[in-house]
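Number of protein chains: 2
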Amino acid sequence: MKLLIIGAAGMIGRKLSLRLAREGRLSGRAIGGAHLVDIVTPPPMNAPFPIAREAFDIAAPYVAPKLAALRAEVIFLLASVVSGEAEADFDKGYAINLGGTQALFESIRREHLLSGGAYRPRLIFTSSIAVFGAPFPEAIGDDFLAAPLTSYGTQKAICELLLGDYSRRGFLDGIGLRLPTICVRPGAPNRAASGFFSGIIREPLSGKEAILPVGEEVRHWHASPRSAVGFLLRAAEIDTSQLGARRTLNLPGVSATVGEQIEALRQAAGEKAAGLIRRERDETIARIVAGWPSNFDPARAKALGFRADADFSAIIRAYLEDDFEQ
Amino acid sequence: MKLLIIGAAGMIGRKLSLRLAREGRLSGRAIGGAHLVDIVTPPPMNAPFPIAREAFDIAAPYVAPKLAALRAEVIFLLASVVSGEAEADFDKGYAINLGGTQALFESIRREHLLSGGAYRPRLIFTSSIAVFGAPFPEAIGDDFLAAPLTSYGTQKAICELLLGDYSRRGFLDGIGLRLPTICVRPGAPNRAASGFFSGIIREPLSGKEAILPVGEEVRHWHASPRSAVGFLLRAAEIDTSQLGARRTLNLPGVSATVGEQIEALRQAAGEKAAGLIRRERDETIARIVAGWPSNFDPARAKALGFRADADFSAIIRAYLEDDFEQ
Numbered sequence: 001m002k003l004l005i006i007g008a009a010g011m012i013g014r015k016l017s018l019r020l021a022r023e024g025r026l027s028g029r030a031i032g033g034a035h036l037v038d039i040v041t042p043p044p045m046n047a048p049f050p051i052a053r054e055a056f057d058i059a060a061p062y063v064a065p066k067l068a069a070l071r072a073e074v075i076f077l078l079a080s081v082v083s084g085e086a087e088a089d090f091d092k093g094y095a096i097n098l099g100g101t102q103a104l105f106e107s108i109r110r111e112h113l114l115s116g117g118a119y120r121p122r123l124i125f126t127s128s129i130a131v132f133g134a135p136f137p138e139a140i141g142d143d144f145l146a147a148p149l150t151s152y153g154t155q156k157a158i159c160e161l162l163l164g165d166y167s168r169r170g171f172l173d174g175i176g177l178r179l180p181t182i183c184v185r186p187g188a189p190n191r192a193a194s195g196f197f198s199g200i201i202r203e204p205l206s207g208k209e210a211i212l213p214v215g216e217e218v219r220h221w222h223a224s225p226r227s228a229v230g231f232l233l234r235a236a237e238i239d240t241s242q243l244g245a246r247r248t249l250n251l252p253g254v255s256a257t258v259g260e261q262i263e264a265l266r267q268a269a270g271e272k273a274a275g276l277i278r279r280e281r282d283e284t285i286a287r288i289v290a291g292w293p294s295n296f297d298p299a300r301a302k303a304l305g306f307r308a309d310a311d312f313s314a315i316i317r318a319y320l321e322d323d324f325e326q
Numbered sequence: 001m002k003l004l005i006i007g008a009a010g011m012i013g014r015k016l017s018l019r020l021a022r023e024g025r026l027s028g029r030a031i032g033g034a035h036l037v038d039i040v041t042p043p044p045m046n047a048p049f050p051i052a053r054e055a056f057d058i059a060a061p062y063v064a065p066k067l068a069a070l071r072a073e074v075i076f077l078l079a080s081v082v083s084g085e086a087e088a089d090f091d092k093g094y095a096i097n098l099g100g101t102q103a104l105f106e107s108i109r110r111e112h113l114l115s116g117g118a119y120r121p122r123l124i125f126t127s128s129i130a131v132f133g134a135p136f137p138e139a140i141g142d143d144f145l146a147a148p149l150t151s152y153g154t155q156k157a158i159c160e161l162l163l164g165d166y167s168r169r170g171f172l173d174g175i176g177l178r179l180p181t182i183c184v185r186p187g188a189p190n191r192a193a194s195g196f197f198s199g200i201i202r203e204p205l206s207g208k209e210a211i212l213p214v215g216e217e218v219r220h221w222h223a224s225p226r227s228a229v230g231f232l233l234r235a236a237e238i239d240t241s242q243l244g245a246r247r248t249l250n251l252p253g254v255s256a257t258v259g260e261q262i263e264a265l266r267q268a269a270g271e272k273a274a275g276l277i278r279r280e281r282d283e284t285i286a287r288i289v290a291g292w293p294s295n296f297d298p299a300r301a302k303a304l305g306f307r308a309d310a311d312f313s314a315i316i317r318a319y320l321e322d323d324f325e326q
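If you're matching them up, the sequences are chains A and L in order.
For the first sequence, the tail end lands on 326 under my numbering, and the numbers increase by one without skipping.
For the second sequence, the tail end lands on 326 under my numbering, and the numbers increase by one without skipping.
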């Protein structure tokens with residue numbers, strides 16, 4: 001089985017690649033080769049199968065036909081401009097998050113037609129809970145409408161619709177995953193408006209100060225990177241006929257307030273760590289985050305075997321085990 | 001005030017143009033000129049303001065910049081490949097229904113930026129109840145999710161999302177209208193899968209046979225062309241700040257079964273007319289129609305002053321008064 005991972009140099013893409021390289025198998029089958037692609041060349045890694053690594057901008061018109069021509073049987077489409085950047089740079093957000101995805105789907109369709117219908121890859125698309133916009137119910141159910149309040153959320157919601165139609169027409173076998181906010185993100189902050197949810201845990205654990213731009217009462221929906229990789233692997237192996245026409249899933253996660261996050265940090269690392277969080281309100285971030293959902297009832301995904309972290313303390317433990325470097 | 005009507009040669013576009021020409025005013029202001037555009041040149045008409053008529057394919061890349069450069073203050077975007085054709089011709093449906101709309105929005109955004117933010121037209125976009133897909137509640141509420149089961153419905157749902165984001169960003173002042181199926185359509189049948197809903201009334205009223213491809217128990221959601229024009233005029237004049245972030249409305253209409261349609265025909269034109277309906281099941285049409293919604297609770301649109309026909313007999317009366325030619 002041949003794999004293509006688009007967005008392989010990103011945090012989740014790297015963890016997914018490493019996990020696949022370690023296991024050598026996906027959906028019970030041996031991996032025959034993997035093509036790792038991102039805007040920068042993904043880092044090298046050891047694997048029991050050949051790995052090709054390349055740098056491409058998926059918004060450039062020659063790229064999608066080239067990637068689709070690889071005829072990978074499983075494609076992970078993780079590449080995205082993050083929410084804060086998509087809001088700040090309208091053109092770039094649409095070109096990459098919508099244009100790049102649409103071009104890839106269309107190129108896959110051409111390969112499907114060229115193959116006489118034989119080529120129909122499993123395509124795992126990472127969407128986001130940013131497709132939802134306030135007002136919200138107490139917990140968002142599987143049938144809640146996508147009414148985004150950001151350009152990023154709009155782009156993701158549009159890609160979900162395309163994924164559904166291209167799957168219904170049989171051009172590809174798509175599954176969309178509305179990932180919770182990934183927390184704790186290791187490494188340097190990115191430009192996502194949600195970055196502080198990780199920063200207020202990661203930085204104090206390393207003895208550094210972190211900025212909290214919103215109030216402690218803000219509730220949000222989290223999953224660890226480890227859970228996110230588990231979601232992607234599960235999406236590659238499930239029988240998609242169980243999805244019916246609605247190809248995108250709300251995923252399980254942990255609903256926690258910023259206050260509860262800080263309490264979990266205090267239990268894991270003590271009062272001194274919690275004291276490193278500096279309150280500095282940012283109205284732009286507060287406004288974006290206020291439009292995001294905070295709690296879900298992801299019954300479909302749970303029934304399909306998607307599993308999340310038990311609570312926010314488990315999320316901190318996953319970070320300490322997988323990513324923490326003193 | 002300058003108007004641009006894209007899709008002005010279509011049935012609704014012609015009726016809207018004639019109504020505006022007759023009244024000479026829109027939203028309480030005198031119309032200074034109208035630009036009528038379609039894939040074929042719209043027919044001439046007398047009006048108290050200058051009218052320009054042109055043929056363009058909105059999927060051609062030079063067209064959207066040209067139309068946006070007119071800087072019309074009110075734009076009606078009615079142009080569409082119909083549902084049956086969008087399902088049969090995937091490329092054409094996406095190129096026109098999605099590509100054409102997206103190019104127009106983007107060109108309007110360029111004009112907005114060029115004008116230093118001053119140009120921000122009211123844009124009335126005709127969407128469709130085909131954005132919804134089964135399973136449905138008893139009556140679809142204003143917060144029901146868009147989960148289309150056709151390419152046409154997917155394209156409309158995507159345009160609604162773009163309309164919402166371009167409006168939120170202030171590039172245009174958009175309002176989307178999910179039109180009920182328009183019934184009774186005058187003239188020749190088009191390629192819409194919903195065409196028979198009109199055919200079984202229009203053809204027998206003219207003494208001709210009509211084919212019914214589905215069962216009499218099929219329930220559907222209708223509005224007369226007269227109501228549709230009323231919706232468009234109302235959309236041009238309302239205060240869009242009342243819409244909030246959700247810029248697209250479910251519209252009022254008449255929920256009727258095919259059996260109830262036939263009974264209304266019988267009351268209007270007698271048993272002989274009703275006898276001209278020939279049952280000839282078409283599985284493709286039956287499958288498409290089965291995925292469409294049949295009943296709504298359009299509370300938001302009603303509160304905003306959108307008004308539909310009283311019942312299916314009123315829809316037949318509107319046809320007899322406005323369009324019937326013996």
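Calculated from the structure, these hints are not laboratory results.
There may be inaccurate statements among the hints.
You can't tell identical chains apart in this list, so a pair holds if it fits in one copy or across any two.
[Claimed, not checked] Once the Cα atoms are required to be at most 25 Å apart in a straight line, the calculated DMTMM-like pairs of lysine to aspartate or glutamate come out as:
no., residue 1, residue 2
1, 92, 173
2, 2, 143
3, 2, 323
4, 15, 73
5, 15, 216
These are the hints, each one checked on the structure:
For a Cα distance limit of 25 Å, the shortest separation of residue 92 from residue 173 across copies, 22 Å, qualifies, whereas the shortest one inside one copy, 27 Å, does not. In the homo-oligomer, the alpha carbons of residue 2 and residue 143 never lie at most 25 Å apart, since the shortest distance is 34 Å inside one protomer and 41 Å across protomers. Taking the closest pair of Cα atoms, residue 2 and residue 323 never come within 25 Å of each other, the shortest separation being 28 Å inside a single copy and 60 Å across copies. For a Cα distance limit of 25 Å, the shortest separation of residue 15 from residue 73 inside one copy, 20 Å, qualifies, whereas the shortest one across copies, 51 Å, does not.
For the homomeric pair residue 15 and residue 216, neither the shortest alpha-carbon distance inside one copy (30 Å) nor that between copies (56 Å) is at most 25 Å.
In this structure, the hints that do not hold are numbers 2, 3, 5, in rising order.
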